[in-house]
Amino acid sequence: MAHLLDKKNVDLFKKHNVFSEVELEARHEVKLENYSKIIHIEALTMLDMANKDILPAMSRFTAELADAIAKKSAAKIPAEYEKGTLKEVANHLDAMYKAVKKLEADEVKGVDITDVVELADFCRDVIIPDMEEVRAHSDAMEMVADAKVWPYPSYGKLLFGVR
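FYI, our numbering numbers position 143 of the sequence shown as 143, with every residue one higher than the one before it.
For the record, the hints were derived by calculation from the structure and aren't laboratory data.
No experiment lies behind these values; they were computed from the predicted model shown.
Every residue gets a Cβ at the ideal spot worked out from N, C-alpha and C, and that includes glycine.
Just to be clear, a hint being listed does not mean it is correct.
Here are the computed lysine-lysine pairs in the BS3-like style, where the Cα-Cα straight-line distance is at most 25 Å [claimed, not checked]:
#1 Lys76 with Lys87
#2 Lys52 with Lys37
#3 Lys102 with Lys37
#4 Lys31 with Lys15
#5 Lys87 with Lys37
Okay, the calculated beta carbon distance ranges per label pair [stated by the list, open to error]:
#6 Ala63 with Arg124: 30 to 40 Å
#7 Asp115 with Lys71: 57 to 67 Å
#8 Ala68 with Val30: 24 to 34 Å
#9 Ala26 with Tyr152: 31 to 41 Å
#10 Val30 with Met143: 36 to 46 Å
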């Protein structure tokens, strides 16, 4: 889309009577608006899933692990699995929380952008990397979390869990 309105491209479309310059400008604007709206909807959906489901579920999971560690320590038995898992999940939980807050703040900044090209660039350069950061921590926690506490079906359940 960045080069659709370059002179050589406009001339080519005009020469073959495919689109006029005005039609190309309209297509360019509509496609960029559509792109930005889709990214915005995906970001809001991600924030909803993270705030209402994943962060609370993983917080409960870390609390359960901490309780198990305390009970095992009181009984003077090893708890290496629980300690390792707790540390890993807690680190990702905190990092995901920070990434969610950054995505929320950047989403607010995006609302004030009215130029379609600037907004599309903002989505590409800021919102998508924010979303990738949230996703990376979520995926890492999903790999170690108890399936019973993870709020969404795993890919394995979706693919092979037909009942």
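query: Does Lys37 lie within 25 Å of Lys102 when you go C-alpha to C-alpha?
result: holds, 19 Å
field: Holds or violated: Lys52 to Lys37, with C-alpha atoms at most 25 Å apart
entry: holds, 22 Å
task: Could you grab the alpha-carbon distance between Lys76 and Lys87 and see if it respects the 25 Å cut-off?
output: holds, 20 Å
- prompt: Using the C-beta atoms of Val30 and Met143, is the stated range 36 to 46 Å upheld?
  reply: holds, 40 Å
- prompt: Is the hinted range of 57 to 67 Å satisfied by the C-beta distance from Asp115 to Lys71?
  reply: Between Asp115 and Lys71, where Cβ atoms are some 58 Å apart, the hint holds.
query: Does the Cβ distance between Ala26 and Tyr152 fall inside 31 to 41 Å?
result: holds, 40 Å
query: Regarding the pair Lys87 and Lys37, is the alpha-carbon distance no greater than 25 Å?
result: violated, 37 Å
- request: May I ask you to test the hint 30 to 40 Å on the CB atoms belonging to Ala63 and Arg124?
  value: holds, 38 Å
message: Tell me if the straight-line CA distance from Lys31 to Lys15 falls inside 25 Å.
response: Within the cut-off at roughly 23 Å; holds.
query: Using the C-beta atoms of Ala68 and Val30, is the stated range 24 to 34 Å upheld?
result: violated, 55 Å
Hints 5 and 8, counting from the list given before, are not met by this structure.
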